[in-house]
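Asks: Top line first, the protein sequences correspond to chains H, W, G, Z, S and V. Last residue of the first sequence: 315 in this note's numbering, with the numbers rising by one and none dropped. Last residue of the second sequence: 315 in this note's numbering, with the numbers rising by one and none dropped. Last residue of the third sequence: 315 in this note's numbering, with the numbers rising by one and none dropped. Last residue of the fourth sequence: 315 in this note's numbering, with the numbers rising by one and none dropped. Last residue of the fifth sequence: 315 in this note's numbering, with the numbers rising by one and none dropped. Last residue of the sixth sequence: 315 in this note's numbering, with the numbers rising by one and none dropped.
Heads up, a few of these hints could be off.
In this list, chains with the same sequence are indistinguishable; a pair is considered to hold if it fits within one copy or across any two.
[To be verified] When the alpha-carbon atoms are kept at most 16 Å apart in a straight line, the in silico EDC-like pairs for lysine to aspartate or glutamate are as follows:
(1) K102 x E156
(2) K256 x E222
(3) K102 x E180
(4) K245 x E146
Everything labelled a hint here was simulated from the structure, so no lab data went into it. Just so it is clear, the structure is predicted and the values come from calculations on it, not from any experiment.
6 protein chains.
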Amino acid sequence: MAADFRLKEQLNSLTDRIVDSYKDIGNINHLGHCPLPSSAVIVDILKDLKEILYPGYRRRQNLHMGNVTYFVGDLIDGLHDKLTQQFARALRYEYDLKYGVDCDRRHLMDFEARGQQAAIEFLESLPAMRQILATDVAAAYEGDPAASGLDEIIFCYPGLEAMTVHRIANQLYRQEMPLIPRIMSEWSHSQTGIDIHPGATIGPSFFIDHGTGVVIGETCVIGTGVKIYQGVTLGALSFQKDNDGNLVRGTKRHPTIEDGVVIYANATILGGETVIGTDSVIGASVWMTKSVPPNTVVTIETPSLRLRDAS
Amino acid sequence: MAADFRLKEQLNSLTDRIVDSYKDIGNINHLGHCPLPSSAVIVDILKDLKEILYPGYRRRQNLHMGNVTYFVGDLIDGLHDKLTQQFARALRYEYDLKYGVDCDRRHLMDFEARGQQAAIEFLESLPAMRQILATDVAAAYEGDPAASGLDEIIFCYPGLEAMTVHRIANQLYRQEMPLIPRIMSEWSHSQTGIDIHPGATIGPSFFIDHGTGVVIGETCVIGTGVKIYQGVTLGALSFQKDNDGNLVRGTKRHPTIEDGVVIYANATILGGETVIGTDSVIGASVWMTKSVPPNTVVTIETPSLRLRDAS
Amino acid sequence: MAADFRLKEQLNSLTDRIVDSYKDIGNINHLGHCPLPSSAVIVDILKDLKEILYPGYRRRQNLHMGNVTYFVGDLIDGLHDKLTQQFARALRYEYDLKYGVDCDRRHLMDFEARGQQAAIEFLESLPAMRQILATDVAAAYEGDPAASGLDEIIFCYPGLEAMTVHRIANQLYRQEMPLIPRIMSEWSHSQTGIDIHPGATIGPSFFIDHGTGVVIGETCVIGTGVKIYQGVTLGALSFQKDNDGNLVRGTKRHPTIEDGVVIYANATILGGETVIGTDSVIGASVWMTKSVPPNTVVTIETPSLRLRDAS
Amino acid sequence: MAADFRLKEQLNSLTDRIVDSYKDIGNINHLGHCPLPSSAVIVDILKDLKEILYPGYRRRQNLHMGNVTYFVGDLIDGLHDKLTQQFARALRYEYDLKYGVDCDRRHLMDFEARGQQAAIEFLESLPAMRQILATDVAAAYEGDPAASGLDEIIFCYPGLEAMTVHRIANQLYRQEMPLIPRIMSEWSHSQTGIDIHPGATIGPSFFIDHGTGVVIGETCVIGTGVKIYQGVTLGALSFQKDNDGNLVRGTKRHPTIEDGVVIYANATILGGETVIGTDSVIGASVWMTKSVPPNTVVTIETPSLRLRDAS
Amino acid sequence: MAADFRLKEQLNSLTDRIVDSYKDIGNINHLGHCPLPSSAVIVDILKDLKEILYPGYRRRQNLHMGNVTYFVGDLIDGLHDKLTQQFARALRYEYDLKYGVDCDRRHLMDFEARGQQAAIEFLESLPAMRQILATDVAAAYEGDPAASGLDEIIFCYPGLEAMTVHRIANQLYRQEMPLIPRIMSEWSHSQTGIDIHPGATIGPSFFIDHGTGVVIGETCVIGTGVKIYQGVTLGALSFQKDNDGNLVRGTKRHPTIEDGVVIYANATILGGETVIGTDSVIGASVWMTKSVPPNTVVTIETPSLRLRDAS
Amino acid sequence: MAADFRLKEQLNSLTDRIVDSYKDIGNINHLGHCPLPSSAVIVDILKDLKEILYPGYRRRQNLHMGNVTYFVGDLIDGLHDKLTQQFARALRYEYDLKYGVDCDRRHLMDFEARGQQAAIEFLESLPAMRQILATDVAAAYEGDPAASGLDEIIFCYPGLEAMTVHRIANQLYRQEMPLIPRIMSEWSHSQTGIDIHPGATIGPSFFIDHGTGVVIGETCVIGTGVKIYQGVTLGALSFQKDNDGNLVRGTKRHPTIEDGVVIYANATILGGETVIGTDSVIGASVWMTKSVPPNTVVTIETPSLRLRDAS
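Construct the entire structure; sequences and hints are all you get.
Replies: Structure follows, in structure tokens:
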């Protein structure tokens, strides 16, 4: 490799200037604080959870009812430890942020204990989560004529992938776990192109087909048996600001979608008070900011097309 | 790590309840069956194939005509073994699903023999596949003024990445290989945001620019020299149901795009009987459900814009 | 594994035919040339750079002002070596392409020296880059009511991820480094669904929310404090061709967005002469090919919706 | 990298000559045969077995009686699969060698079935093996005043490492498994410098201190509570040849060491009919080829030393 | 893989029997206790330390005085964390063993604080350790006519490897760190065949040539400039037992070797009161249990050889 | 992890003191010099070479005459590149050492060219090397009644492992390649406990049984069909010093062993003028410093043993 050492010594001055910038621009560092949760470990946790939720599809083969208990028991045990550590870090992070303290060693055991309680509460939610995910798999099979069977859906449908991570992240959101649900949902977003905020409330038998570009906001409420296509946005209409001009955080900003609704590709539905009534159908590219009653079919008046001969 | 053993013992009961759910909710497990194809191995196979199709760009450097035969011969030999095993698993999976049997050892050699035949048929398709991919690379260069050369396209264009995987997956689809083509196409989808069903029939010199959000359905037929942009959907208009209300699978549900057509961003073309005639141009955001003759330029009557001064 | 050797010998003939195709279809190989830059190393470089730009979030924990100098100095030193090698390869690639020569050993040291100069120029840009990225982080916090704090943004916002890579790639684009900026931007595109050409000029305090499907073209010029949403395209209107019918490369083909503009989801703004004036707001799904003056709010005349009762 | 292609083409001729040598010197290849057992997998198997035999010391922490069943059950299940495959390969190798056949597909299932039976027979031996290894650990503690406790012995005594592998390999030797026991014992030899043939019969409470250079032959028989030091050889006196001058294989060629014997460093005891009687002590560097009765202390008449002043 | 499930279910019973054996044979498990130090991390620590002691030879290249501070500072910082954790585990292990308690959470911070103090004390010893290791390297060069230079010694002499680990382990032994020094010395033993107890006191300029089979006991005291060859044992003569027949631990059991002594291959020197006087030479295969004065040359009266003609 | 930052800041001062020691103790650093050969790459090279010398035993399975050419050709091609780089580094290292220069960029291409020539000369030696290794394998089978076949020897005999590395290292020694042969031989030493200097001249059909502790010196000359056992030393009698008291390097210091000689365990043969005549047998533990004529059997007058009853 090149070796003009005078040039290289110049790098030492650069190092000093970069480190100085950590003082000047202090809010995009994480220096002198307790360790944050680890993105890499959180992704591992998601992979372990998928092995439990859908056993036999990926990492481990030759599973049967005679050996699956060992496999699951061992995973659960390892997850208990990983989750406890990551949750303790997230809870302490939130505490330090709130009280403006640097990492100290006090309360260490308290955060580990709280992390462990949260880990167990979370793990206890898995059997019910499998029940609801089974309805999502079935909904995908019923909704896509190209699907050859349930296994294909579990193996490769990005919509199911996104919903699996969402149901995990939403459980943690409801447990008020900081930071971790969002790390999970953005990892899923990067894998699938589907962006579901962990706060969204989504009923069983939910199916997203193709999925790229879907956005589902934090305060959405979605009923049973809803089906949506690629590019659908369930978003906020505008953001309320308070008297000081700051964004108001925490209100319902995203729509309600009732049972049995179908929303076709690239439709946009906005606003916290917008309700799409039961069994309604929203056509492709529709742009809605108001509620519709149940059993309504909404389509756009297709813009007129201009055709001319270019030959 | 935390060590309150009473809490941990609670996990044993949880393990039992999860395992019980494998009996109650039996259709999202793969227990007691023959091994499925491995997603990880299939991704490896795709990476090996790209080394053969575009030698010298990625894993291996310093290749020249004097040593490339060894490199390719060794890859082909390894691919023969990997493909044989994965194809045998996919074929046996299909058989077991069809006849409702658990994994038994009968016919083992039959499936391996069928897997090997399919592997060789597939590998024999590679020279012709390179010819058609060379037309795709050329089409990208001709179609994008930002491209500095062919190497940049091979190195980093997601549209070419998607088409490379598609031409592989489509070959296997035509060989009626179960499950594996879909695993391939969804892996490509997660990498590129471009969702092409392995069944789609696509002619040479095809170019997708930018690509995020593109959806191309199973029964599409696309001619020579077609060019499409991000967000384009070539989809189904609606799904036919039979008398029992079940989806009819296997009919032509997606459009036909003839030679030389250009389709701009976010256009949507739907329906199995829709034909876009030769050399036509479909404007951005157009929504088509009917055929147009050759040499037609279709644009939307842009929705009127309302401008108001907000200052 | 299967062992019918006659079938396997058939593979030798296939290998020969594939290698023959490297002669016949010679432009999608890289045989007999100098090594190209390595995609894998370039991704490593990006990960190292993120450790320097946002220390303490990912790979390394327990950093504080007392030890961060060692950590950064060691990374800078390693980056110097990696960048020098990759830049030398890219510069030599460009030279060989231009002069049509195969890889020879002459000028080797010249390219390494030029690579090293470029590496140092690039590394010197990091302190200023941190300053501008801090404004992007702040803009995200101000723009998204769902954000819990700056750390969440650094940890998981795809818009920030895309802008971080863009500001790196754009620096190299301005240094006229071949190939590498595009490898970087397409890697970011595959992670985030956000496609920003390295050539785009983007001011501070830029925020992309959700982001999937965003396309920003090479000759865009974007001011300070601009905010855009998923699916926004800032593209070319059409491509000029010269008298021989070849695409004209190098002109300004993409729009100018002035300070403080907000562009909502799926809006499309096209053309090199289109200017969106300061503090204007472009509504969702708007399709613009003309300039608007400052302080303009543009919304589409929403296409009429047809509602019918389907019950 | 260097690129004088003429020199490189010379490599092709070399490759041909090497491959020709595979025909001419055909007995140090393994070409055209069934796969051999994999050394790497066998080493993995040994590591898994050590986790079962001594749980909690290495790979996995935080084990307790509440979770260890899952951990062990999962390991046993995985070992069943790995052992079955490796044993099937070893048995088939032996068959092909004996009958002079190349790898064919017949009897495939027979070999897997025999491999599985052998795997289960082997796994069933583990509880008894733990009992005897516990006596070895205790013997080490009693025999070495430098040992701080049992954990130190399990963690780092090479003598225990060698005996653990030996008791595994000897079990397989008694099951007449080809090739694999020797691969195991030579792996242990390379780790510890202790060379014990898998065929050696060794009673409980055996302790090897330091160990480097110890050699224990195939037909040794060692009683209970024996202790040996580094450099001890328990070997063959000479090899019998038959009338044709070939070595006679399979007779007892190595000594018998009765209960309670201690053999100090570098002693050499040779011959299949040599018996060291109960509770005897063999001094350092003694060279024995004859039996001694019980309770005998054997020391060498130390060779006279010559001392001279070199100052 | 084989799939006779009845056979596999037999494995469940086996698992239960193995777990039962953890109760019956309870002293070769580590269940329900605090985590032990990790062998894998300790080996990593040794590799990091060698990078600091001999910079530029192995992992990292292109080091020079301009960048080595970052490299070393970063390694020291990481070592502080790893050592603190491992030392805390070792200290707690010792405490739990002594007081017979299972792992509880009390005193956690005390052990970490003690671990950190020990880590800093250890790291502070490194500059002096480099000084003494430089004398060992020089001694090897002076002692071996086959050595081409100092770099060859640092790169590949097992004697230096063993002494490097010994000087590290001995520092920790003197700090009374439990378990870890022995894990280090046995790792070195397995790499080099040289077995030096961490307790041995060894002066500067020590050289071991070839080394396989060397054993140096815990209470050895070795002066300056000593040189020994392969197979040399510096051991205990016999073990004292107390009135109850238990081994007496902690007395001086191994010899004293004064300055300038040379001991040739396979010599054995035993006994805590044996002193080899300054500048003496002990011949190959000599067996000493008594002291010799300074400047003595000791050789064996070579055993008479019997020569007979076998032709 | 612990976080008393005052203690940690103390580490910065320590870092400075360590770096200062790189100036004070300057001869055990490699700072400011060209990169040395890489031990890790050299071990990789040895593993690649074993795949070529004994194809089908380890990394790659399912090789047959139809595909082995690709496998070998690809390995040879990769080895050419790796060897060229490592040899260039070793040659430059020698040059810089000799002329006392720090790493500069001049002559870079000269060293690469010399490295490449040496690489090709080395690779050309492989076919003949296979011929001689085949005689070593046969000698092991003939010499060890415990061997079940040639495959067992190739798979796990440490003596063959040591000889394979030796024949490689000796070829490079004869090519006068600096440093690398010694790195190879010491790696082999650490794996097998057998220490053969790369300079030793060893004829065909050589067999080392068990092997731990064997030492064979640089200027040994060993004939055809020689067999030796564990612990045998073929060493130097004493080292000549010149008038200045420096060791004389480069004379014949180690013995000559003629064809057909057998040397039993722990025998020691010393001196450059010592010749063991054809077909002689040297008994275990014999200590020779003089020549013996052909066909001589040498045994020690076994030291008298003292037996006493200890019961």
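Asks: Next, verify each hint and record whether it holds.
Replies: Structure-based check of each hint:
Taking identical chains as interchangeable, the C-alpha atoms of K102 and E156 lie at most 16 Å apart only when they sit on different chains, with a minimum of 14 Å there against 46 Å within one chain. In this assembly of identical chains, K256 and E222 lie within 16 Å of each other by CA distance solely inside one copy; the values are 8 Å within and 38 Å between copies. In this assembly of identical chains, the alpha carbons of K102 and E180 lie at most 16 Å apart only when taken from the same copy (15 Å versus 42 Å across copies). With identical chains, the CA atoms of K245 and E146 are at most 16 Å apart between copies only, with a shortest distance of 11 Å across copies and 43 Å within one.
Taken one by one, the earlier hints all hold for this structure without exception.
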